[in-house]
Amino acid sequence: MYRKMLSIRKFEKTASTFFAEGKIPGFVHLYIGEEAIAVGACANLRDDDYITSTHRGHGHIVAKGGNLKYMMAELFGKETGYCKGKGGSMHIADAELGILGANGIVGAGHLIATGAAWSASYRGSDQVSVCFFGDASTNQSTFHEAMNLASLWKLPVIFVCENNLYGISVSQARHQTIKDISKRGEGYCMPSFTADGNDVVTVYEHVQKAVRRARNGEGPTLLEFKTYRQHGHFEGDPGAYRPKEEVEAWLQKDPIPRFEKYLTENKLMTADELKQIGDEVDGEIQEALDFAFASGYPALEASVQGIYSDIVEEARSR
Amino acid sequence: MRKMTYGEGIREGMRSKMLEDPNVVLLGEDVGPYGGTFGVTKGLWEEFGEERVRDTPISEGIIVGASVGAAATGLRPVAELMFIDFLTFGMDGLVNQAAKMRYMFGGKISVPLVLRLPAGGGISAGAQHSGSLEAWVTHVPGLKVVYPSNAQDAWGMMLTAIEDDNPVVYIESKVLYSKKFEVDDTVAAVPFGVASIKREGSDVSIITYGKQVDDALNAAKVLAEEGIEAEVIDLRSLYPLDKEAIFTSVAKTHRALVVTEEVKRGGYGGELSAMISELCFDELDAPVVRIGALDTPVPYSPALEAYVLPNADDIIQGIKSMF
Chain A
1 MYRKMLSIRK FEKTASTFFA EGKIPGFVHL YIGEEAIAVG ACANLRDDDY
51 ITSTHRGHGH IVAKGGNLKY MMAELFGKET GYCKGKGGSM HIADAELGIL
101 GANGIVGAGH LIATGAAWSA SYRGSDQVSV CFFGDASTNQ STFHEAMNLA
151 SLWKLPVIFV CENNLYGISV SQARHQTIKD ISKRGEGYCM PSFTADGNDV
201 VTVYEHVQKA VRRARNGEGP TLLEFKTYRQ HGHFEGDPGA YRPKEEVEAW
251 LQKDPIPRFE KYLTENKLMT ADELKQIGDE VDGEIQEALD FAFASGYPAL
301 EASVQGIYSD IVEEARSR
Chain B
1 MRKMTYGEGI REGMRSKMLE DPNVVLLGED VGPYGGTFGV TKGLWEEFGE
51 ERVRDTPISE GIIVGASVGA AATGLRPVAE LMFIDFLTFG MDGLVNQAAK
101 MRYMFGGKIS VPLVLRLPAG GGISAGAQHS GSLEAWVTHV PGLKVVYPSN
151 AQDAWGMMLT AIEDDNPVVY IESKVLYSKK FEVDDTVAAV PFGVASIKRE
201 GSDVSIITYG KQVDDALNAA KVLAEEGIEA EVIDLRSLYP LDKEAIFTSV
251 AKTHRALVVT EEVKRGGYGG ELSAMISELC FDELDAPVVR IGALDTPVPY
301 SPALEAYVLP NADDIIQGIK SMF
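For the protein sequence lines, the chains are A and B, in the order given. At position 203 of the first sequence the residue is numbered 203 (the working numbering), and the sequence of numbers has no breaks. At position 185 of the second sequence the residue is numbered 185 (the working numbering), and the sequence of numbers has no breaks.
Be aware that a few hints might be false.
Looking from chain B toward chain A, a few residues come up when the C-beta cut is under 8 Å (computed) [to be verified]:
(1) V25
(2) E29
(3) E51
(4) A66
(5) T73
(6) L75
(7) T88
(8) V95
(9) G106
(10) G107
(11) I109
(12) S110
(13) P191
If you're looking for bench data, these hints aren't it; they were derived computationally from the structure. These numbers were taken from a predicted model, which means no experiment stands behind them. Heads up, the beta-carbon is just placed ideally off N, CA and C, and yes, glycines get one too.
Make the full structure from the sequences, and use the hints.
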């Protein structure tokens, strides 16, 4: 879990740097500060379990086992990227790892994750589906439609709310009247809990119970993890809407040093071992960067290919 | 040959695929014991059971969105919305998710779902239950869009729709549901992108689909008495589109009339008309004529509704104006 958290952090620091230099185009929404949730949750999952992600998706994809090289190449718009350069940061998927896509539409994943859970239960498989989403997306109708159906059909879906306290620039207090989003589960007769999202062990334990429940055919769970994104909503957003003291306070709760402390204090790992993992991850990030730099841009013809499984978009006229 | 209604044709298409493939499942509002708002799924719940023919809450977002998730993970869902107008609630699942997933994920995920949408006016259902909204979906790369005009095609195109690995929007004409058609004893899958020439003619091409095919054939009969031979092309699938059939016909007749039930403004009829003008300009002896509904929501009162929607007389007048 530590290695995965560090991979996310270092991958994103790298992305942040190259975005600032203008080498990564488009939008980049970083997960820095929230790593404990994706990692704690996905540590409970098998490769064939499903996840749906958000526009802040790098963390979920790394945590589910996504390939750093393909991710990095995708960010740079290269043909070797996960989506052949056609998706970008917000649209990475990996069917073999059950990653049903990062998603640029707030609230879309609720429905897809529920559908995947329905599919798993229909096929008689014990696969589960984990839906990651932010606090603000629980104001979308999709959240309520998905919760209702998941509860009604007892589907194996785990709704994981990453409450980072802001919907873009609007604080939670200004976009909903409730404080704990887990309360919304009560309305759907769903076991629901709120917990510390910056503590990977806590996250792991909560998700473990929910996954067990889901695999046993006992239905969905709503989990809310409180956390904080250390950067702005997207790279380039200075986040001036957040009080300095609040940012400072949350930096103190950074999940990575916290987990390091846990590991060393409980004598699970030594400082040297942690450093060694850090060095290895640095090497992997460098490899991913080298791979991205060495890769070419997609051929222009590719822009009209791959829309359908069978129609070759040979020369769609303007 | 045997007689069968359009609604029965759709049902038989779904039924034969369900018998073949356990991953074909139906879902929607009232599709279970009730048999669907228009009776199209009648009997399927009894035959295939609760797990395969699922009543959902009245909740179009989850009907479409869960179908996307299910289709991306191994099922072949056929989802029904009660009226095409309700697609407003399911639009994100269809256009931002289903249509774009294959492309933006670099081909890694396919979404073999069929979305059934009863469309059109003619039953005094009022403005929120009478839409002809094919332009909304034909505009979206990543979707296939079909609109059968008779029971045989309804059956054969449903087979193709369910077999297709892409999201297919299957639009149905409400006024045709109970109309009977001759159907072959064995029905084969109808490939998409192949139009059907319903009547040969030398003087003008009528290009249409869905319920308007009947209107066009009726108009052609009247025109023939006056010495104008109209060719009637039923497009059947709006995307992929059989451009060849259109261009070949126009090259033969040198006149084209496009008739659709939609409001003309921004409609798919406009796209067809523009395509003919753009690519067959030298063949045309007259400007392309477009017939559609008046530029208004569909009214309730039968007299007003009949006035607003296009009919065979409008086609006849349109064609006469070209000579």
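Evaluation of the provided hints:
no.: 1; hint: V25; verdict: 7 Å, holds
no.: 2; hint: E29; verdict: 12 Å, violated
no.: 3; hint: E51; verdict: 6 Å, holds
no.: 4; hint: A66; verdict: 3 Å, holds
no.: 5; hint: T73; verdict: 4 Å, holds
no.: 6; hint: L75; verdict: 5 Å, holds
no.: 7; hint: T88; verdict: 12 Å, violated
no.: 8; hint: V95; verdict: 10 Å, violated
no.: 9; hint: G106; verdict: 4 Å, holds
no.: 10; hint: G107; verdict: 5 Å, holds
no.: 11; hint: I109; verdict: 5 Å, holds
no.: 12; hint: S110; verdict: 6 Å, holds
no.: 13; hint: P191; verdict: 11 Å, violated
The earlier numbered hints that this structure contradicts are 2, 7, 8 and 13.
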